[in-house]
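Undergrad: The primary structure of each chain is shown beneath.
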Amino acid sequence: MKLDNIYQEEKKSNFAKVSDIIVTMASRPSGFIGLSILIFHVILAFISPYIAPYDFKAINPTLMLQAPSAEYWFGTDDLGRDVFTRTILGGRTALTITFFGSLIALLWGGLLGIFCGLVGGKTDDIVMRIVDAFLSIPWILAMLLIVSLLGTSTEVLIPALGFFYGKGIVRVARAATHDVIAKDFIVSARARGHSNFSIIWNEIIPNVRDAILVEGAMRWSWMLLGFSSLSFLGFGVSPPTPDWGLMISNARGLMSFAYWSVIAPIVGLSSLIIGINLTADAFAKALGIDRSTKAPV
Amino acid sequence: MTEIIQKVKNLSIGFKSKKGEEILILRNISTNIKKGETVGIVGESGSGKSTLALAMMGYVKHGLYTIGGECEFNSSNLLKMKNRDLEKIRGRKIAMIPQNAGQALTPNLKIGYQIDEALQLHSDLKEEEREQKISELLNKVRLPSPETIALRYPHELSGGQQQRVAVAMALAGTPDLLLLDEPTTGLDVTTQAHVLELLNFIAKDTGTSMVYVSHDLGAIAQVSDRIIVMYSGEIVLEGPSRDILKKPIHPYTYGLLKSIPKLSLAGLPQSMPGSQPQPGKMHRGCSFFDRCDFSEEKCKNNSPQLEHLEELNTSVRCFNYKSLMNDSQVNQTVNKIKTSLHDKEILNLSKVSISYAKQKLLDQVLNRISDDNPTVKDININIKKGETIALVGESGSGKSTILKSIAGLLRTKGGIIKFDQNRNLSSDLKERDPNDLRIIQLIFQNPDESLNPNHTVEEIIAQPLKLYFGLKGEELKKNIIDLLQKVRLGEFYMSRYPRQLSGGEKQRVAVARAFAAKPDIILCDEVTSALDVSVQAAVLNLLQQLKEDFGTTYIFVSHDLAVVRAISDRVAVLYQGRLCEVGPSKDVYQFPSHPYTEVLLGAVLEPDPDIKPILVAEDIVEEKPPQKGCSFQGRCSRILGDICKSEVPPWQITNSGNSIRCHIPLKDLQKDQIN
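As they're listed, the protein sequences go chains C and R.
Quick note: the first sequence, position 130, residue 130 per this note's numbering, numbers continuous.
Quick note: the second sequence, position 627, residue 924 per this note's numbering, numbers continuous.
Hints were generated in silico from the structure; no laboratory data involved.
Hints should not be assumed to be uniformly reliable.
[Claimed, not checked] Here's a subset of chain C near chain R, in silico, CB distances under 10 Å, partners left out: (1) ALA182; (2) VAL187; (3) ARG190; (4) ALA191; (5) HIS194; (6) ARG209.
Glycine is no exception: its CB is placed at the ideal position from the N, C-alpha and C atoms.
Based on the sequences and whatever the hints tell you, model everything.
TA: Here is the structure:
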């Protein structure tokens, strides 16, 4: 055929696809900023134990509430601990717990949503009403109950957060599945006699994956805020482990005369949340889910 | 000389690609629209025809921008005008009728209110006068009882009525120029013919100039005085409509006309190879070079200019038009279809009925079926091995519903579907064994939707091979390449995604997937209606070739009677889910025929200005089949009286073996149809 050279785009390897997406994300200012902040936080979480200038739990009564100086960059807190050290270490637990929590949320929320969207009917009705019921319970109360019954260990926090933040993903995954399910290729797979599992795995997941991933990234930032709130209330990480939520809670009474001890963890937490949000936005735009930025024509 | 109302001068519109290249959608278009004339713009999808029409009202789609040239209306350039000034022109001087009126009307406002709104904006009438004007407008577009229509909501009207309302709204500002973007594409054949007739009447009555954009040469032929043929953003041929349709002097138009199936000619039309180059992927030289039968060496590197021929009043963009001028009466040659008909019956539908009605709770508990007037009722068809049977009818006739039931996707309410004389096919998909599923495969209307966008061609075709035959590795790959070759696609297509293929190529992949299962029966649901005409012929030829090679049986659903005529051996005409006529296709297309078949045949639009559609019945849309009697009683122009309303008509068999379900005796039926 004469026209064969018209469509020359060939199948790309998965690695090339991912790097393409990252390049597209970084080509927008907001995406670039978001990605930089996120990468900065992730790197910091890995290397902070090695670069921390002081011991995070070293109490020094003679250095209580020192203002920022060349020696103590962010000052010291009410027990004389270095705020800089505690701030760069304070994101580690939050980041790890919420990352795995989001994965769990994605997994169960996504799969249940897709399943409900596919089978429909009574199963769908019943499951969705249960999800609605859970959505109406204030999550923080439920979390407090779980944590006070089972303790604040990582093994409790990760699945509990994953469960509460996965409810919203169920709805998104179900809606995304509904968009796909009416298409003829699903009808065609059904008419051929593929099993439900095969339809979900081969036909639906590749088409709803992007939407669910973006939603998952958004949930991650909310979960981070949620986890810090738990710490703030004293149900997250136990002292003396440095954690932003805990640090804010400890220092909030001293805000009027030792602002530094509360500002540093606040900046840490909010910059991470903003970073994740911007990245998720850029991710959605790079995948073409966000309609306003689709290519013309 | 008549007054020119719109002057398009050297217009180029395009967009910037990601790499910063300027990609042209329209390339240097110049044309004039004169007062009172109707100009048809025809071209394949992506040829830039809608962009041109929108530019004529000073609108450039988001993401596109004007690169050069102007659109002059009343000697002011619309493309440079401020929005505030444009507002005064749009609607008042230039009005637009959209493709899908159902979506263009606001769903929660009454028809009368919406027209009133248009009048408030575009005329200086007072309130009492406006009311008068609304019914005047609705009368003009021939809507029955304007007063009641004005009080209805858009969803209470049929597609054809909605389109009429859109015409009425466009006329509210008494515009000088009316732009119509595929106004009849979504409508049924009979409705389409009626709307076109109305547009013709309005053009004559009001003296408005019209620009009619369509891919359908049949529709264009009925309305336009002058035709502009577009190809990849350029005008390739422009001239009086009769000359262009009868003696096209551009190879593209020539090929296009040859590839349209005609009612008068059984057999498959010739196809045009290849597809239109995509914007930004243009080569040097003539853009039609790759597909042209008349191309020479010089066409490869030089692009021809649009040349005006004074004596014919035609402009043409081709080096070789002269060779077409001498012998260009379009001699359509068709490939006769061969059928190796076996006497063996492969599929038998008996007394099949299908209902969409939801069972009431009580009926569910008692396991009782309450709907005595189902959507599809009493379908008896025997299908022989190796034949192509077509189900024909307007939307709502139940043709796709029947197809779904055969595929097992929709439960039947009653009746039996038998395969190979003795095997009953369950109406529940889950109860059919894998072999029963394998023997029946589906090809869908729109390949964009029927191919998973995230799968490569290889993965798409591999699915049935893996599922039914458990193929793996090298053997699987060999089979896929084999199938691709059968649908005339090269091996390198394996790694492509559907979005990298053209419409015709996508449909070929869908065909390959259906054949991968080695089915006995293939159900084709409007397989060509989403394709461009030049591609349609190629797909039809391919289907026919595959059928001859494999001895497959096709059940072909279509609303396009000319396509059905081209490919099918037997035709079943459906109305409201009831059979009207079944017979060999050459007999169905001849008289005597069922009054409904007559209506359908009369409404077919041919790309020939001499063949006008014959409008027999009103284009009313019935919501539900009648409880008693003949299904067509509501629209039949030859209704006999009470008998049609109370008794289901008997089957009458003509000499040639055509069965017609009508109360009118055969010789009387023929009497009025002979002309």
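Undergrad: Identify whether the interface hint at C/ALA191 stands, where standing means a beta carbon of chain R within less than 10 Å of its own.
TA: 5 Å, holds
Undergrad: Was the hint right that C/VAL187 lines chain R, CB cutoff 10 Å?
TA: This hint holds: C/VAL187 lies near chain R, its Cβ roughly 6 Å from the closest one there, short of 10 Å.
Undergrad: Under 10 Å, Cβ to Cβ, is where C/ARG190 needs to be relative to chain R, so tell me if that hint holds or is violated.
TA: Holds, about 7 Å.
Undergrad: Measuring from the C-beta of C/ALA182 to each C-beta in chain R, is the shortest one below 10 Å?
TA: 9 Å, holds
Undergrad: C/HIS194 was flagged as interface toward chain R. Is the shortest Cβ-Cβ separation under 10 Å?
TA: Because about 6 Å separates C/HIS194 from the closest Cβ in chain R, which is inside the 10 Å limit, the hint holds.
Undergrad: Was the hint right that C/ARG209 lines chain R, CB cutoff 10 Å?
TA: 8 Å, holds
Taken one by one, the earlier hints all hold for this structure without exception.
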